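Based on the hints, put chain B with the ligand in the right spot on chain A.
Going down the list, the sequences are from chains A and B.
Take 1 as the starting number for the first sequence in the working numbering and just add one per residue.
Take 1001 as the starting number for the second sequence in the working numbering and just add one per residue.
Below, a sample of chain A positions facing chain B; criterion: calculated Cβ distance under 7 Å:
(1) Val13
(2) Cys20
(3) Glu233
(4) Tyr234
(5) Asn256
(6) Val405
Each computed BS3-like pair below joins lysine-lysine, with the alpha-carbon atoms no more than 25 Å apart:
(7) A:Lys156 <-> A:Lys110
(8) A:Lys187 <-> A:Lys249
(9) A:Lys134 <-> A:Lys466
(10) A:Lys187 <-> B:Lys1228
(11) A:Lys141 <-> A:Lys156
(12) A:Lys110 <-> A:Lys138
(13) A:Lys141 <-> A:Lys110
(14) A:Lys156 <-> B:Lys1101
(15) B:Lys1101 <-> A:Lys110
It is worth saying that the hints were derived from the structure and are not from the lab.
Note that the coordinates shown come from a computational prediction; the quantities given were computed from them, not determined experimentally.
All C-beta atoms, glycine included, are put in the ideal place defined by N, C-alpha and C.
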Amino acid sequence: MNINTLYDRLLSVRLTIFLCILLAIVSVVGTVIPQNLTAEQYGNLYGQGGARLVTGLGLSDLYHSVGFVLLLCLLAANLVACTSKRLPGTWRSLRRDASPPSDTAFENWKCREAFVCSANVEEMEERLEGVVAKAFGKRPKRKTVESRGQVLLVEKNRYARLGPYVAHVSLLTILLGTLWGAVQGFKGGLQLAEGEASSEAWLRTGAQRVPLGFQIRCDRFVFEQYPNGTPKEYRSEVTLSEVGGEKIKSGTIRVNHPLTYRGIAFYQSTYGSLPELNLRVRDREGGSESMVTTRLNAPFLLPGSQGERAMVVSFQENLRIPEEMARITSFSKRSLGPAAQIVVFDDKGFGEPFWVFRDHPDMGKKAERPHKFVMEDVRLMSYTGLQVVKDPGAPLVWIGCTFLVIGFLMALLMDHEIVWVAGEVAAENEYRVRVVGRAVRHPGIYAARFDRQKFRLRRGLSPWLKKPLGDL
Amino acid sequence: MAEEAPGGSMTEPTLIRLCIFVYMGSWVLYLLHVAFRKKAMGLAGDVAVLAGLVLQTLSIGVRWMESHRMGIGHAPLSNLYESMVFFAWTIALIYLIFARKFQNRLLGAFVMPLVFLALASTSLMNPEIQPLVPALQSNWLTAHVITCFLGYAAFAVAFSLSLLYLLKSRGGEGAEGFLQARLPPADLLDEYSYRIIAVGFPMLTLGIITGAAWANEAWGTYWSWDPKETWSLIVWLIYAAYLHARLARGWQGRRAAWLSIIGFAATLFCYLGVNLFLSGLHSYATG
Ligand code: HEM
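With the rest of the complex left out, here is chain A (with noise of 0.2 Å):
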């Protein structure tokens, strides 16, 4: 297969309803296909064989994998080759009026008619012109055929022809618009007990932070219920501040009303209780020793180290055993009260975790480890759960949208239709006037249209006609 015929595929009609069904089957596949599971959950599912061909067939991120990407960008390319072929071609015959009949059109097309009248013709060709715009509603245009003479144009809706590039290019603006927000963008979270404020989001990835560029504090967290409990509305009333300084704005946000500010959005997600811990690190080496107060989820620093991090992943307020665990290990209890479970990340940003409890602080494995730590209190505090989006890609989305929706209207409601209307002598004091019509894209949807201008061009002419109507 040579360039051309490579070229000509992807230009081609075929190869879009082709991936738009292929793209339509694999997506299937990810709605049975649980998303983003962990490998144990999968192997809980699928057992181990099943759960290594789903990861490793990338079927437990379907939509991100690099085979759904490149379909998406292959119809991408489809329509970008498809719409730079066609367009120069539409434009150009868009600027200038239909190009005359044929010879024959007026005999061949399949809408057409013709009147026999009887008057004379100066009047008759001074009036046609008038009754083709009231039977059209539209003023015709004049136009000279070397067969004919003058003939008259009626022309409706020529830039409907526009429809499907306005539609193609709302798609790739959208298509673009998703990926400016994923590249430029993020969407991270942000945890606030009452009276405690933040200037950084968590990303959901990683154990990053992102810089708002300014502080946002929960003055108050507020939950209502309708009287039979179902939930009426999450409410964080919060205030926006410069970093360290002046306030900028108060606010409340709840769901479905978000807040945005310099193109921070910020959503009620979730509220809850979140332990708040004090925990103490000793450097086992350097022998220093210092105090932490952390949450879940937020990694701090470690005290006399450089840059290492470490951060609480998980917690129970009463760690309870399994009556066989607790069979086959020292543990004399079952309940072993609060417990963290903490990970200390290598430069790779990976880590195993491991226990700690408050009330037992020299249980577990925990010679090898550079660091000791102690957990010395905690404390449950109520919090409201914001999530933080930064989009930059929307507008495009929304833009591409709405035209979408246009060029649809456009392409599938409105065509462009033609009429020409030529009026000739056919014998003494007989004059026919011949009409006949086509729509560029629909033309069986056009007949029934037809037939109605038709019956209105009629009765304009009725003052003349030779024959009576209602025989038509």
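For chain B with the ligand alone, coordinates are given in the frame of chain A:
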């Protein structure tokens, strides 16, 4: 408030049950019309559909007012029961608008069962008027549900037309069975099912977009590949393929009709199957 009136409005489910019988009546009339070729029966069928539609509009209004009386006023489009009633309503509406143009009651005989079966299925659902949880308190919800279901209903009518097309074109040109003799030419069936999909497709597109706008306002993500979202995209892709099929030679007629049938099957799965078999953000609709 909500506790004072458990079960909500009791008149509304009764009215809906009445509608089922009216729509069934119209179906019987259409069948008789087809069997005996009596014009009057076809007309009576149309009148019955209109009566059913008026009655159903009334009952939707009653439910809406009832929710306001309970102090939790909202458009009745918020749970499975309400959406199913609305689905049936839109199919009847689209059918009736379209029937005037189409002028062949065999279509009615195929469409009306969809309407009264949809309504009958609501007897399996909880008809209680429930207050809206925070995520559902959005005008986007109303816009989303209305546009989606107008699209779905158009696809339902197109599905019936495509079935008729396959019936008509079975056995080639000259074949004239009982039903075939009562159907318009195959081309026309094909053309009409295209035409109605051409109305449904922009509607579904609007439905997906308003859904995305709503998700964006509620959760800060306009697209999260949740199963319901993904299935609406699948439906959309199938009908995009259908529309392009008509531009590529060799894809008209039977193949296009099959795409339309598969498209409607996917639509039904998107609406019902996802709630029954898959889970996700839209699980509220299982009520
Ligand atoms: C999922 C993506 C796409 C959607 C939703 C879409 C949508 C549409 C719609 C609604 C129409 C009008 C159809 C009609 O009038 O029956 C159309 C026409 C068309 N599409 Fe697409 N399209 C998509 C992708 C593509 C691609 C990738 C190509 C590239 C080959 C393409 C080529 C065309 C062409 C050539 C037309 C007809 C233009 C004309 O009649 O002048 N489409 N498209």
